[in-house]
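Starting from the known structure of chain A, arrange chain B with the ligands on it as the hints suggest.
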Amino acid sequence: MRPHLLALLAKEPAHGYELKQALEQTFGSAYPSPNIGQIYVTLGRLEKDGLVRAVDVEQSNRPNKKVYYLTAKGRDSLVAWVEEPTEGPRVRDEFFMKLVLAPLTGIADRMALISRQRRHYLSLMADLNDLLSRTDPRDRVAGLLIEGAMLHLQADLDWLERCQEDLA
Amino acid sequence: MSAAVLKAVNLVKIYSGGALPVPAVRGVDLEVEEGEFVAIMGPSGSGKSTLVHMLGGLDTRTSGEIWLDGKRVDTLSESAWALLRREKVGFVFQFFNLVANMTVADNVELPALLAGISPKEARERRESLLAALNLGDRADAAPAQLSGGEQQRVALARALANKPSVLLADEPTGNLDSRNTRDVLRLLGEVHKQGQTIVMVTHDARVASLADRLVSLFDGQIVDDGRIARRRTGTAREVIDLR
Ligand SMILES: Nc1ncnc2c1ncn2[C@@H]1O[C@H](COP(=O)(O)OP(=O)(O)OP(=O)(O)O)[C@@H](O)[C@H]1O
Ligand SMILES: [Mg+2]
Chain A
1 MRPHLLALLA
11 KEPAHGYELK
21 QALEQTFGSA
31 YPSPNIGQIY
41 VTLGRLEKDG
51 LVRAVDVEQS
61 NRPNKKVYYL
71 TAKGRDSLVA
81 WVEEPTEGPR
91 VRDEFFMKLV
101 LAPLTGIADR
111 MALISRQRRH
121 YLSLMADLND
131 LLSRTDPRDR
141 VAGLLIEGAM
151 LHLQADLDWL
161 ERCQEDLA
Chain B
1 MSAAVLKAVN
11 LVKIYSGGAL
21 PVPAVRGVDL
31 EVEEGEFVAI
41 MGPSGSGKST
51 LVHMLGGLDT
61 RTSGEIWLDG
71 KRVDTLSESA
81 WALLRREKVG
91 FVFQFFNLVA
101 NMTVADNVEL
111 PALLAGISPK
121 EARERRESLL
131 AALNLGDRAD
141 AAPAQLSGGE
151 QQRVALARAL
161 ANKPSVLLAD
171 EPTGNLDSRN
181 TRDVLRLLGE
191 VHKQGQTIVM
201 VTHDARVASL
211 ADRLVSLFDG
221 QIVDDGRIAR
231 RRTGTAREVI
241 DLR
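Same order as they appear, the protein sequences are chains A and B.
Following UniProt numbering, the numbering of the first sequence begins with 1 at its first residue and continues without gaps.
Following UniProt numbering, the numbering of the second sequence begins with 1 at its first residue and continues without gaps.
Extracted from the complex, chain A is given alone in its bound form (with noise of 0.2 Å):
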């Protein structure tokens, strides 16, 4: 989540609570709402590295808030990470080292294996077309998220279906 914060705080700079709502609404019901307490976390390392700083604003019968800019630190930080490269998703090894290393266990066969997990997918799926569904269709960053990881479900999918051909 530091980018996320650095980049929103170089449009502006926001106290925490702000923060939240900034995520929320540009990511729309897609982005698993950050917690508050997630976000002060951040905000501190972020503070501790020197890439943000805080100042105490005075509220009237509140107690002070903080309201975070970006420091030059934090704006070199935020380039860098625009601009690299960014890695591709990689490939969800845990289920193939199941798969593997299943004919050692004698626990569950590969077949079997293979199975229960394509099952397991298309519950994700299920859980995806419904989360599209009740998704507003002008809200074209969550709807293309949710598009994202539909497509990334089903490469998941295919490939399984390579291994079985190959494995099993």
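Treat each hint with caution, since some may be false.
Claimed, not checked - If you want a taste of the chain A side facing chain B, the calculated C-beta under 7 Å gives, among others: (1) S115; (2) R119; (3) S123; (4) M125; (5) A126; (6) N129; (7) Q154; (8) L157; (9) E161; (10) E165.
Read the hints as simulated data drawn from the structure, not as lab findings.
Every residue, glycine too, gets a C-beta built ideally from N, C-alpha and C.
Just chain B with the ligands now, with coordinates in the frame of chain A:
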């Protein structure tokens, strides 16, 4: 005992035209209940098309039994089976098979008319199906004037036109892009909710995830048959992991 709309007992298909006999389906037992949506998945060549063709009476079995609405059908004469099929089975082929010299509208209405539905009702049903698939304005076109994806949607509308006891479909979204797939998904979800029994071969995970149950074929045999769990998570957090 609950009524199975469709039942296969130890169904076998061996193609014996070539130099070596090809066992395409090797002893399949399957019961599909009324209103159930069954997805069939499996690698290429695992016997999916052969199985649904036999279930729909489009290919003869080598041995075993097929029951439709409580009636044994594999022992019927070809013409008796064809008659029954018109009434009770809707079929979407992997390679759509539309009648080339008929309009889209006539293609969709024909099976309903053959099944004895009144012309008025057949037309109304055709209009609503084509509209649901976003093809309302292509009714007067000839199949050759349509894209592959459009033809596939017409084939689906045709298969549903006579309100069949069971819809059998072989890769009905094989030629569709994601927007057209969405229309098909919506229609399938709707007719399923209205109680339509569906057996569908598909590689498309979005389509398969609409099903209640998944049957996995491998080498002509069922290697897995079970329900697709619905978890009703509600929140994006559990579904999408951005990290
Ligand atoms: N008419 C035929 N004559 C001889 N062999 C056939 C015939 N039709 C299919 N086969 C063989 O039967 C097996 C099963 O074929 P089928 O078409 O049912 O597979 P499928 O699971 O539908 O594959 P795909 O995913 O590629 O559509 C394959 O080995 C195929 O080569
Ligand atoms: Mg096939």
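Each hint tested on the structure:
no., hint, verdict
1, S115, "3 Å, holds"
2, R119, "5 Å, holds"
3, S123, "4 Å, holds"
4, M125, "4 Å, holds"
5, A126, "4 Å, holds"
6, N129, "6 Å, holds"
7, Q154, "5 Å, holds"
8, L157, "5 Å, holds"
9, E161, "5 Å, holds"
10, E165, "5 Å, holds"
Checked against the numbered hints given earlier, the structure satisfies every one of them.
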